[in-house]
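J.: Sequence:
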Amino acid sequence: MSILTTNQKKAVETVDRNVCVSAGAGTGKTRVLVERFIYLIEHSLARCGEILAITFTEKAAQEMKARIARELGARGLEEARRELENAYIGTIHSFCARILREHPVEAGVDPDFRVLEEDRANLLQAAVQDDLIESRFQEPAIFDLLRLYSEQTIKKAIQSVTEKAHTLSLTLREEALSVLSSPLMGEDKGGGDLNTPHPDLPPQGGKESSLGRCLTENVKVKVLSALEALRHLKGREFDGAEIEAAIEKPVGHWDEVEILRQIGKRFRRQKTKPETAAFKDALEEFIADQAESFGRSTREAFLDLAGDFETRYRQRKRECSSLDFNDLEREAVRLLAGSKPRSAACRNLYHTRFKFVMIDEFQDTSPLQDQLITLVARPDNLFVVGDWKQSIYGFRGAEASLFLEKEKTFLAEGTGERIPLVENFRSRARLLNQLNSFFQHLWASEDRTFESLVGARFIAPVSPGAIPPEISADPPRCVAENGAPTFASHPPGDGCVELLTIEREEDETVEEVRMKEARTLAERIRDLVNSGAYEYGDIAMLFRVATDIYFYEDELKNLGIPFYVVSGRGFYKQPEVRDLIAFLELLENPHLDIPLASVLRSPLVQISDDTLLWLAKAAKRAAPSMPFYDALLKLDEIAEIRGEDRAKLKNFRAFFFELLEQKEKWTVSECLELILERTKYDRYVLGLPQGKRHFANLRKLLEIAREVEGREPIHLGDFIRYVKGLELQEVRESEAQVEALEGNVVKLMTIHKAKGLEFKVVLIPDLNRKGEKRRAPFLLDSEYGLGFKVFNETNRKFEETLAYKKAKEKMVRDALEESKRLLYVGMTRAKDLLILSGSSEESGEEGEEGDFDDQANWYAWIRGWLDSREGDGCEHKIVKEHMERKGRLPSPLAQHKRIRTALERHEPIRVRVPESAHRIIESLKPITPVYFERLDLPVTAYSVFQSDPELYRKTYELGVLPHEAVKDEEWRVDEDEAHISGADFGTLIHGVFESLVSRPDKARTRLDEILKRVAGGLENRVFEEVKDLSNQFLSSPVFGEIKSATARYAEIPFVLRLHSGIVQGTLDLLYQDRSGGWIILDYKTDRISERHCEAGSPRMGRSSPADVILRPEGPKDPVLDSSAMPGALPQNDDAFAAASTLSGAHPRNDGGIAEQAQRYRSQLMLYALASHELLHLPLKCARLYFARPNETFDFDLGKMDYGMLRCEFEDLQKQIIAQRKAWLR
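Residue numbers for the sequence shown follow this note's numbering, so the first one is 1 and each next one is one higher.
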């Protein structure tokens, strides 16, 4: 066993009872889980299949399984390592799905059910809601509901209430409505249990229950009691009597409530008179209680609609044999919790099967998930790991209290014990001391104890009984292998916590302050890197929410700092994505003005504003309701539009009409491909700043379309609604990844996304930001039932019911506590240095009326604590310097108060020149090239370097791209085609072949339309050649094998990390043949003469693992040759020709395909290495398909030594870096 701390060892080896491990941040909980799993195997306490391990994410499950596999292999437990493949290690949802698939009859589900991913489920819910509203909006009660709250508000409310009902183990069926339709909100009597109807409640639609009358009386008693305490106030005797009289008589109309409210305003809240505040609160509760009775019809209509939605949604899922994530949990619990013999049998089966149950991140479980875990585990075999301080997923139904309750239950019942882990191996001891101090201060009022973390980063964990070395407050300086001292990660004595306060000027907006803050942080990052203490990859910027992350992106761009936004929400808001979606909207309905104007003004067409104005005037001149599209049809009649813009509109109109006529024949992805092909929009975005990212976003939209089409056929309109829905729901879809997460770039991400990660330097900006605004007119709570806002007909405002008021107060309290935990997670990601920033004043952000948030103010918390700690490893700097405002401005300069005043008075505008003006001069100096010990290159670069280093230098070092280098893979081709380069021709063939293999069963019938779409605008001779090559491809054995493949994936982008940098590329095709082997296929359009084909390697039907075979028209199977590896002897000369090592002799020049194939060997080997390491697939071969001679060439991968292959490419990286330095000299 690896050396563990005392408590880690105890957690691993305690196997005779339940264990609750309270693991603080950075205390090695994953290591404990892995070691416990292996301990159970090593000591024959269980086999792999007898251990259930539940993780929070699939990524965590894969990481745990990989670590266990490595350890089992290292310890010689090969049998257990083989069994691990079928072990129960996964998420709670994957486990639920496995239960249901193992017992479909008992669970009453389709054994072949499909799991709906979250985005797909949301799309289906939206469709059900549309149908529901359409079919019922004419009912008077439903019509009034929609009129008062709006259709969109009701849809959101239904979705949130049904989601909350799921976490509470409820359904909103007919029998549940009677439970929810009474005001369960009395504090003295306690809230009812939503799962079981209260015995005093009548059926729905009956008269008010005795319980309801009792609750009303309780509120009335509270008001009268509070009023009694005010009778001594001089001059308030009459007011008190008036209120008492109003309360005693029944309140039947909103006018009477308003009278009562006006009387109550005569009593003012005063700090010196708490009895007045108590009376005001009681009176507000009484008014809210009256609102409850006035809103009876609203409540019943909403619950009726919500229950109907639930029923319809369930039916739609049943029709398509699908279950969403909520269904998986609910059906699994229903199966195991039932009282019937089949349920008992299932419970006993899992009790017998799983000798040990381990749960990771238990603080992030919901009550329903906790119920499932309890059903599966035995009374003494549960092992849970978590930390209540890191519970930050309340929006998913997680409750931090469950972890604390589990601790108490184990101790109270004597069935288990609590083991704390407090030794932190992540952060400097000096930094931990500050974090401990701050959070002890923050949680001082809590009834739970805050356990401080102990710095253990710079000592090795010790075995029990050993004497631990002293833990120093600061790390020692690092020493390099050659003995020369290097810079420590953070010099001893320096501060470890910094607070940067951005001074806010009187006339500055919130957006302007954020821009100043972003600029300050960008400069701080630059200074840290320039000091030599850190690299960009050591730094992360963590955000509470990602709403305004673009301010920080802009300033990083301005300073040339490389960065990567990790899983932000920005994908659907990127201009290139919006342009294409607007085009699709226009294609779906040409009479929409906004999409048409958007497309015409965008780079897709790029007409001027004046032309757009004339087009609009021509349309509206005929009739105000006339769409722009009609004016486009009558373009020839608009004399004001002339010249280049007229030509652009004519070209667009011709293309659009063609597309409009054919749109029903093409899939969404094919429409997108045609738009890009004809407009050259993808090439346009490549020329923009951050062009690679914009281009990758276009490719990602294409992949999303293909993915949706792969599930089931989807209409263009449905796809638009799908994407629009994802944008409105703020689905966390990140921009396309063009940098590896491990690359030398600053990472920008939300704190939620950073959970489980660590960075040397962490920056948490925008501390003044308020929590997420919530506008929810309907709230469901386990204690208070359904609360809502009811419309007051007298003052024309919405009034909160008492249940709503109580539920909202509870929600705000919970959100405030979660906000503290979120801050804890963010701050504990730092290893060396924590930088915090905010502004000197409140943000002043105002929400709409009725909004509420968590009321947390991170800046005030930190500033109040830090002022007393400054100088003790903490630094507080107030940034007063006027910042040059770059990037996005929320309004024109002339709209700023001081500038506008000066202009109105005809006075000169006073401009303060920033102290950093010299940077402008510095930026004009020639740039000296700097070469780092790092390579981030595409796959093709390695082939180019080996073949022609000078071409590599021009292309990848100097950026002087050759004319042909449009398609990376076709880096050396002939240029015989008229009016089209060889590289363009290769790209064209790739596009056609990609469309053909996407639906091989319909390839022949779709060929003509594909050719027309992709190559329709080319010269006839080129078009015919493309057609001939396509038909030849369809008739080839390789296409036959693709058609019969059990799985196939086209255009797979990847990022592979090697020692000295990352490799980026895209696989043309990856497919699995009938034998189960995976084949990498790459298309090539090189011209190879017939004589050369015959002179090439011998044609054989099948290759041996050690040979590289040339197959005439043979099926394509990507095959890497193990004989190419060091130590492998070539079987014959031809094999040797095809298998030369990366750095060894060049192959024999026989002028045939074998020689041509060697040009691409590095490319194919990198594809194989990426597929092996990233996809973990059993690769059979890597295959080249030469389209013109209709030949294939295979590299055998059957016995490939991938470790050696990785070493070869890493050596090649070193050669390139060495050559870089030589060029520089």
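Among these hints, one or two may not hold up.
[Claimed, not checked] Derived DSS-like pairs: lysine-lysine, alpha-carbon spacing no greater than 30 Å straight-line:
| # | residue 1 | residue 2 |
| --- | --- | --- |
| 1 | Lys797 | Lys222 |
| 2 | Lys156 | Lys877 |
| 3 | Lys692 | Lys753 |
| 4 | Lys617 | Lys665 |
| 5 | Lys724 | Lys700 |
| 6 | Lys650 | Lys665 |
| 7 | Lys810 | Lys164 |
| 8 | Lys280 | Lys340 |
| 9 | Lys573 | Lys155 |
| 10 | Lys340 | Lys557 |
| 11 | Lys59 | Lys700 |
| 12 | Lys317 | Lys59 |
| 13 | Lys797 | Lys808 |
| 14 | Lys650 | Lys620 |
| 15 | Lys1002 | Lys1043 |
| 16 | Lys1199 | Lys1043 |
| 17 | Lys9 | Lys65 |
| 18 | Lys810 | Lys820 |
| 19 | Lys810 | Lys573 |
| 20 | Lys665 | Lys648 |
| 21 | Lys164 | Lys797 |
| 22 | Lys156 | Lys648 |
| 23 | Lys648 | Lys634 |
| 24 | Lys280 | Lys265 |
| 25 | Lys820 | Lys880 |
| 26 | Lys220 | Lys810 |
| 27 | Lys692 | Lys220 |
| 28 | Lys808 | Lys164 |
Don't read these hints as lab results, they were simulated from the structure.
J.: Now look at each hint and say whether the structure bears it out.
T.: Evaluation of the provided hints:
The straight-line distance between the Cα atoms of Lys797 and Lys222 is roughly 26 Å, inside the 30 Å bound, and the hint therefore holds. The hinted pair formed by Lys156 and Lys877 fails the criterion: a straight-line CA distance of about 44 Å is larger than 30 Å. This hinted pair checks out: Lys692 and Lys753 have alpha carbons roughly 24 Å apart, not beyond 30 Å. Restraint check: the Cα-Cα separation between Lys617 and Lys665 comes to about 35 Å, which exceeds 30 Å; the hinted pair is violated.
As the CA atoms of Lys724 and Lys700 are separated by approximately 16 Å, the hinted pair is consistent with the 30 Å bound. In summary, the hint linking Lys650 to Lys665 is supported, as the alpha carbons are separated by about 24 Å, within the 30 Å threshold. Straight-line distance between C-alpha atoms of Lys810 and Lys164 comes to about 14 Å, which keeps the hinted pair within the 30 Å bound. Taken as a hint, the Lys280 and Lys340 pair is broken in the structure, with Cα atoms around 53 Å apart against an allowance of 30 Å.
About 23 Å separates the Cα atoms of Lys573 and Lys155, which keeps this hinted pair within 30 Å; it holds. Distance hint between Lys340 and Lys557 is unfulfilled; the C-alpha atoms sit about 64 Å from each other, more than 30 Å. Straight-line distance between C-alpha atoms of Lys59 and Lys700 comes to about 21 Å, which keeps the hinted pair within the 30 Å bound. Pair hint Lys317 plus Lys59 holds up; C-alpha atoms about 27 Å apart against a cutoff of 30 Å.
Between the alpha carbons of Lys797 and Lys808 the distance comes to roughly 18 Å, so the proposed pair stays at or under 30 Å and holds. Under the criterion of a C-alpha separation no larger than 30 Å, the hint pairing Lys650 with Lys620 is consistent with the structure, at around 20 Å. Between Lys1002 and Lys1043 the alpha-carbon distance is near 10 Å, which keeps this suggested pair within the 30 Å criterion. Distance restraint check for Lys1199 and Lys1043: the Cα-Cα separation of roughly 27 Å lies within the 30 Å cut-off, and the hinted pair is therefore satisfied.
For the proposed pair Lys9 and Lys65, the alpha carbon gap of about 20 Å is at most 30 Å, so the pair holds. About 16 Å separates the Cα atoms of Lys810 and Lys820, which keeps this hinted pair within 30 Å; it holds. For the proposed pair Lys810 and Lys573, the alpha carbon gap of about 34 Å is over 30 Å, so the pair is violated. With a CA separation close to 26 Å, the supplied pair Lys665 and Lys648 stays within the 30 Å bound.
Using a Cα cut-off of 30 Å, the hinted pair Lys164 and Lys797 holds, with the two alpha carbons roughly 26 Å apart. For the given pair, Lys156 sits about 42 Å from Lys648 by alpha-carbon distance, which is inconsistent with the 30 Å threshold. Pair hint Lys648 plus Lys634 holds up; C-alpha atoms about 15 Å apart against a cutoff of 30 Å. The straight-line distance between the Cα atoms of Lys280 and Lys265 is roughly 9 Å, inside the 30 Å bound, and the hint therefore holds.
Only pairs whose Cα atoms come within 30 Å are accepted, and Lys820 paired with Lys880 is accepted, the gap being roughly 29 Å. Proximity of Lys220 to Lys810 is assessed by CA-CA distance (about 22 Å); at most 30 Å being required, the pair is judged to hold. Proposed proximity of Lys692 and Lys220 is contradicted: the alpha carbons are some 67 Å apart, above 30 Å. Between Lys808 and Lys164 the alpha-carbon distance is near 14 Å, which keeps this suggested pair within the 30 Å criterion.
In summary, the numbered hints that this structure violates are 2, 4, 8, 10, 19, 22, 27.
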